[in-house]
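Chemist: Below, each chain spelled out in residue letters.
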Amino acid sequence: LSELAKLLGSCGGRLAGTDGRERRPSADELEFSLLGPGYGESAVIHFGHGDWAIVDSCIDRVTRRAAALDYLDLIGVDPSDIRLVVTTHWHDDHIRGISQVLREASKARFVISQALKSDEFLTLIRLVEPSTMVKSSGVREFAAVMDVLGSHTAPTFAIADRRIWRPAGPVARSMWALSPSDGSVQRALEALRTLVEDPELPNRRVPSVRPNDASVALWCQIGDATLLLGADLEDTSDPKTGWRAVVASEEKPAGRADVFKLPHHGALSAHNDDVWRTMVDGVVFAVLTPFSRGATPLPTASDVERICSLAGRAMSTQVKSSGSSTGWDPSVQAVIDEATSSFALAEPPVGHVRLRRAISGGEWSIELFGGAAELCIAEAA
Amino acid sequence: MSPTSTVSETELAAGQRSGTGTPQSPDVPAKADPTLSLRQLGAYAEDAHLPTTMSRAGGGRRGSAPSPTSAVANRTERESTIEPGSGQLEASSRFVVLQKWEGTVLDSSTTSFTARLIDLTGERPDHEATIRRQELSPRDRDRVVENALFYWYIGYRDSLSGERERASKFYFRRLPPVSDLELERARQAAGKLRRSLGWH
Numbered sequence: 046l047s048e049l050a051k052l053l054g055s056c057g058g059r060l061a062g063t064d065g066r067e068r069r070p071s072a073d074e075l076e077f078s079l080l081g082p083g084y085g086e087s088a089v090i091h092f093g094h095g096d097w098a099i100v101d102s103c104i105d106r107v108t109r110r111a112a113a114l115d116y117l118d119l120i121g122v123d124p125s126d127i128r129l130v131v132t133t134h135w136h137d138d139h140i141r142g143i144s145q146v147l148r149e150a151s152k153a154r155f156v157i158s159q160a161l162k163s164d165e166f167l168t169l170i171r172l173v174e175p176s177t178m179v180k181s182s183g184v185r186e187f188a189a190v191m192d193v194l195g196s197h198t199a200p201t202f203a204i205a206d207r208r209i210w211r212p213a214g215p216v217a218r219s220m221w222a223l224s225p226s227d228g229s230v231q232r233a234l235e236a237l238r239t240l241v242e243d244p245e246l247p248n249r250r251v252p253s254v255r256p257n258d259a260s261v262a263l264w265c266q267i268g269d270a271t272l273l274l275g276a277d278l279e280d281t282s283d284p285k286t287g288w289r290a291v292v293a294s295e296e297k298p299a300g301r302a303d304v305f306k307l308p309h310h311g312a313l314s315a316h317n318d319d320v321w322r323t324m325v326d327g328v329v330f331a332v333l334t335p336f337s338r339g340a341t342p343l344p345t346a347s348d349v350e351r352i353c354s355l356a357g358r359a360m361s362t363q364v365k366s367s368g369s370s371t372g373w374d375p376s377v378q379a380v381i382d383e384a385t386s387s388f389a390l391a392e393p394p395v396g397h398v399r400l401r402r403a404i405s406g407g408e409w410s411i412e413l414f415g416g417a418a419e420l421c422i423a424e425a426a
Numbered sequence: 029m030s031p032t033s034t035v036s037e038t039e040l041a042a043g044q045r046s047g048t049g050t051p052q053s054p055d056v057p058a059k060a061d062p063t064l065s066l067r068q069l070g071a072y073a074e075d076a077h078l079p080t081t082m083s084r085a086g087g088g089r090r091g092s093a094p095s096p097t098s099a100v101a102n103r104t105e106r107e108s109t110i111e112p113g114s115g116q117l118e119a120s121s122r123f124v125v126l127q128k129w130e131g132t133v134l135d136s137s138t139t140s141f142t143a144r145l146i147d148l149t150g151e152r153p154d155h156e157a158t159i160r161r162q163e164l165s166p167r168d169r170d171r172v173v174e175n176a177l178f179y180w181y182i183g184y185r186d187s188l189s190g191e192r193e194r195a196s197k198f199y200f201r202r203l204p205p206v207s208d209l210e211l212e213r214a215r216q217a218a219g220k221l222r223r224s225l226g227w228h
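If you read the protein sequences in the order shown, they are chains A and B.
Adding 45 to a residue's 1-based position in the first sequence gives its number in this note's numbering.
Adding 28 to a residue's 1-based position in the second sequence gives its number in this note's numbering.
Next up, chain B with everything else stripped away, as it sits in the complex (with noise of 0.2 Å):
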């Protein structure tokens, strides 16, 4: 079944794979990695595996970046658009996640984007995919350069009726730009490594 062809686009901005949407039996094996509800698992990769906004440093910033609680706001009201009445789903949906990458965008076509892939569950060597686009959720189709970086997890989400699927979820960084305050910081601290190390 084609993802574009039953999935509706809010679906597709929540990373919802219909597609591969066969209900599983709850008895399916998950491995050890950690269940998480959809928006732990947003913070999950901002804070795990990513800078959180929230310990940038703020003020000064030269670009329009979001405020470190509406970079926080901002999730959540994405996270509310996978259905209605996000407060139950915070407490009731979940995310098993059974893999989860790092992933840097190499090149892309008009189709699919072609990445390299670094195991972030366990020792896996890297891996090289080739992605179709419509696996991506509308808002991240335009993030897909070269150089992109993004993480890609594959799970279950149990839903609020019992049921479990399998899901996919993308996320491509969406960091705001170096501020004023930290590129100093870096300034300072690369003075303070050079005469640290002698040179001169």
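The following block holds chain A by itself, in its conformation from the complex (with noise of 0.2 Å):
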């Protein structure tokens, strides 16, 4: 994140603050919300009338609850009014709280991944849930889930090119899952088989699956307005799965998209040409969540280039460092000092992009709150 801070430094992005955050949208205006702290994702759509959808979730690691309901709070939107809840995959930066979102919006449709309903999957979470202390474990968490579903509603399993929303009104609104194909499904059981298997399982925190082809990528139409979610979803070399197999795909919803939600954190892996070239429009508004976990933070420069070269404009929920660790005991700070080269909040505070229309037509509103920032200053101005 500090890169990415010193790179938007060096090319004129700016910061932006908490004015105004709490205004509701009004029954006839859209509202596409990206919340992202820097290691976790969560998108928050307004349907009109009083609708909301929420697709993943990370928590805030001040209130250590689902950021997308503490949003919601703050707007004052009651969880009853949440009709969906979209799990895209399972890897911990989607799906910290999203048990307790589900709780809270308990009156919601459930949507999770075709893949997530096989019994590798179900094997994986009762033989690692039992045995698992890791907090952060995705797939305690998804434990946590299935506890909850127990009262709830039945899921319904998105697979590519299947409606799996669209509530009555007078205006079009649906929601279609562009992912996972069927090969991609094929795949992901393969590896889940693997992971099963391995002898570590005990021993490691459960990986992430890669590559992320089993991700549920959304298609959102609301009135003339159209969003594209990209999950996690990656691009291979195989034409039935990732990006190709919903490039190829004739049965998904025909237009392109006004907002673009990158996939992966606008990673080059899951970059596809085809997707900018047929299903987006070519002023699209591009938002990204940033992964600042490890070595290897994304997006790179080199990714905020290419996005930059191809969206309208281009927004990160984050560009802020996470800070340094305070307050410890004396004699715990003296091992940290001599045990580390480097010891620091994991992340930042929760960032956010918001994005507002009026159904019925015209200018988009961008706002960004908290160390969300523009990526590309020059194509906005």
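Some hints here could point you the wrong way.
[To be verified] Coverage of chain B stretches by chain A, computed from C-beta distances (three or more under 8 Å per stretch; other residues unrestricted):
#: 1; stretch: 125 to 136
#: 2; stretch: 153 to 159
#: 3; stretch: 203 to 211
#: 4; stretch: 221 to 228
Source of the hints: derived by calculation from the structure; they are not laboratory data.
All C-beta atoms, glycine included, are put in the ideal place defined by N, C-alpha and C.
With the hints as a guide, bring the two chains together.
Modeler: And the structure:
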């Protein structure tokens, strides 16, 4: 993130504050909000007429609550107005707090990938969940989800080209799953099988299954506005999986997206030229959450350059660094100082990119809160 | 003082940190964390945060896993390398835990590794740290791979002679592979879960 902040500083990027964040959209105003602290992602969508959806979940490090629930509280939305809760995949950075969301959004339809309906995934949950103490484990969170589901409506399983929601009303509104393809589900099952057989499973945080081609990419239609949410869907060399399968599908809804939630934090591994060429508008608003964990944070400088060459405008939910850590017992601090070469908070506060527009049409308004920033200010000017 | 220059391999194996081991005044305030013997500390790591080998189902293991009793025996043997006469050690040497984290290795180099640390002492937010490999016992260094799980304790070691020194201990998980029996039970539980959720 600090590298990203430097990059933005060098090209005139700007940070934003929090003024007006609490303003609730009117009934005829659509909203796409992306929340992300630097490790984690959650999208909040207002489909109009008081119908809300939450896609994935991340935790606010201060409140320890799902960031989407905090935000909806702030703008005065009751959890009973959440119609849809979607988990695009089970990785830690997309699922933390989703059981909390489901518990509060008791009337919402819950959508998960078809790949997770498998015996392999349920076995993994039952194998790992009783023995793990890994607080951050996505599998552990999913085990909590299963507990909530016992008193919840049956989930909807997402697979490519399936319409998963279409509410009644005067305005055309719908949500489609664009993935996973049958080929991606098959690959995911094979990966899960390998994971269950791994002799080091008890000694590891359950690793991410790569590539992320079992993710649920979404297509949202609200009047004449279209949102493309790329989840963590990656590109592969196999035309039957990942973005290539999405592009090749003749069953997916037609149109071009006005807003593109970039897949996999803007990484090159999730880039597909044909998606940009055939599925998004030429002046699309591209929005991403960064991934600040470990030695290879995303997006990289070259990712930003590529994104800015393709998007009308591009925004990141967070570019601030996480900040230093203070207040330890002096003896603990002494050991930290000697044993580590760096020691810092893992995440900055949740940043927020918010796009709103009248459902009937008109200009989009873009608001950036809490560390969110334009990625390519020159294009925005 | 560099730990590698002054600390024996035996001490490192026990996680002793003479590098930071300036004896402390006995009246240095310690938080209300449990005061543990070294043996208990090992057991604490296993019992409080890890599935104990004792509680794991035995039989039909697919790997060359130690038996439940041998896992305990190994731990005792390891502790006996801290100082001779571990019987006395157990009775009189204590580890006062000030801070404990659950860690996940994110990536590593030849000299250090980066880890995500989750606070197990209080409610502090997650931290990310780059930790020097020389802080680990030699036997743990080859455990530093992506996604490896470990526990990090910082506290005071009260020695037999009444001295107190700051100490730091890392425990990397060394659990046996999932047994055939455990796998079969997980599959049965998954089937039960599937039926209870009405997933067909």
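Chemist: Hint by hint, say whether it matches the structure.
Modeler: We went through each hint and held it up to the structure:
Against chain A, the stretch 125 to 136 of chain B contributes 6 residues with a C-beta closer than 8 Å to a partner C-beta. That satisfies the three-residue criterion, and the hint holds. Residues of the stretch 153 to 159 of chain B with a Cβ under 8 Å from some Cβ of chain A number 7, which satisfies the need for three, so the listed coverage holds. Coverage of a stretch by a chain is defined here by at least three residues with a beta carbon nearer than 8 Å to that chain's beta carbons; for the stretch 203 to 211 of chain B and chain A the count is 6, and the condition holds. Only residues whose C-beta sits within less than 8 Å of a C-beta in chain A count toward coverage, and the stretch 221 to 228 of chain B has 6 of them, enough to reach three; the restraint holds.
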